[in-house]
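*Asks:* The lines below spell out each chain.
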Amino acid sequence: MSDAETLDGMSTVEVRTSATAALIPTIRAVASDLAARADFDLDAISDLRMAVDEACATLVDAAEPTSVLQCRFLVRPERIRVHAEVEAAKADTVLSTDTFGWRVLQTLADEVEVLHEAATEGRRATVGIRLDKSAGDVPR
Amino acid sequence: MSEAVTPEPFGVGLPLDTQVSRPRAGSVLLEVDGEIDTLTAARLQAGLDEALDAARSEGSGVVVDLSGVTFLASSGLAVLIGGARRVAGFGARLRLVAASRAVTRPLQVTGADALFDTFDDVASALAAAALDVAPPPGVAPPSGEVGR
Chain A
1 MSDAETLDGM STVEVRTSAT AALIPTIRAV ASDLAARADF DLDAISDLRM
51 AVDEACATLV DAAEPTSVLQ CRFLVRPERI RVHAEVEAAK ADTVLSTDTF
101 GWRVLQTLAD EVEVLHEAAT EGRRATVGIR LDKSAGDVPR
Chain B
1 MSEAVTPEPF GVGLPLDTQV SRPRAGSVLL EVDGEIDTLT AARLQAGLDE
51 ALDAARSEGS GVVVDLSGVT FLASSGLAVL IGGARRVAGF GARLRLVAAS
101 RAVTRPLQVT GADALFDTFD DVASALAAAA LDVAPPPGVA PPSGEVGR
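Chains as they are written, first to last, in the UniProt record's numbering: chain A, 1 to 140; chain B, 1 to 148.
Calculated directly from the structure, the hints in this document are not laboratory data.
Source: prediction; values computed, not measured.
There could be a bad hint or two in this list.
[What the hints assert, rightly or not] Now the in silico label distances, taken between C-beta atoms and shown as ranges:
hint, chain 1, residue 1, chain 2, residue 2, range
1, B, 59, A, 114, 45 to 53 Å
2, A, 94, B, 114, 29 to 37 Å
3, B, 121, A, 36, 38 to 46 Å
4, B, 88, A, 33, 19 to 27 Å
5, A, 33, B, 131, 23 to 31 Å
6, A, 33, B, 49, 43 to 51 Å
7, A, 78, B, 53, 45 to 53 Å
Each residue gets a CB set at the ideal place from its N, CA and C atoms; glycine is no exception.
Put together the whole structure using the sequences plus the hints.
*Replies:* In structure tokens form, the structure reads like this:
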């Protein structure tokens, strides 16, 4: 799993923006484009676009105002993994998962996980979301 | 690190347009065009409030035309669901025109579609909305130019 977290020479795309809601349309457009090129079916493309929007919106709400929103897409055969992350507004910021948006995100993605990393020397605390989406309703 | 800058609202996303009209007696139509996300959901809310207030005071049915919507996030779904609840409060159903996948898929995957009556085109939605309410006295019922 850890090798999938690096730029490993496979199809990996990373988008970095200011952590502002105004730039989420750009990120979800990238998600949609990658899914289309990876031959996702139309429902799965729509689901991924919406899931990425949801994840980014959740993170922007929890972000330190001058944070970067880093969104990494790992395109694999039959699936895309998305790892999005921001610097947390506070050291103890926790993503709330009892919201309507979070329930929608869980419905849209095959798997979704919250990632909290405590601050270390020279690095602020971060909050992130990792989600997986498969290309379509293929039997697994 | 560079100095803190206040992020300017940056118009990358398409703006959301809403317009309320009365294309036929007994129905209020809210047309929505653009992308509905956390930035624009408030504009949808304002348009929907205007349409529902008008329908309530005029005793009309409501149709929300989402044909021009190219993205619908949970923030927008929440506004539509709130509208459906409000309309249910006066014993009616909120009618949506939703033909594109950008709208039908979010409704379907969240199960929210059960809260609305959904139509493929405005004409059939308006025809159904007009059946909600008796036409006001003195207004002739529209002849059969709409609907099927």
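*Asks:* Please go over all the hints and tell whether each is borne out by the structure.
*Replies:* To see whether the hints hold, each was checked on the structure:
As the Cβ distance of residue 59/B to residue 114/A is approximately 48 Å, the hint placing it in 45 to 53 Å holds. Between residue 94/A and residue 114/B the CB atoms are about 32 Å apart, so this pair conforms to the stated range of 29 to 37 Å. Taken as a hint, the range 38 to 46 Å is violated for the pair residue 121/B and residue 36/A, whose Cβ atoms sit roughly 27 Å apart. One distance hint, 19 to 27 Å for the beta-carbon pair residue 88/B and residue 33/A, is violated here, with the actual separation near 39 Å.
Distance hint for residue 33/A and residue 131/B: a CB-CB separation of about 43 Å, inconsistent with the stated range 23 to 31 Å. As the Cβ distance of residue 33/A to residue 49/B is approximately 35 Å, the hint placing it in 43 to 51 Å is violated. Checked against the given bound of 45 to 53 Å, the beta carbons of residue 78/A and residue 53/B, roughly 49 Å apart, stay inside it.
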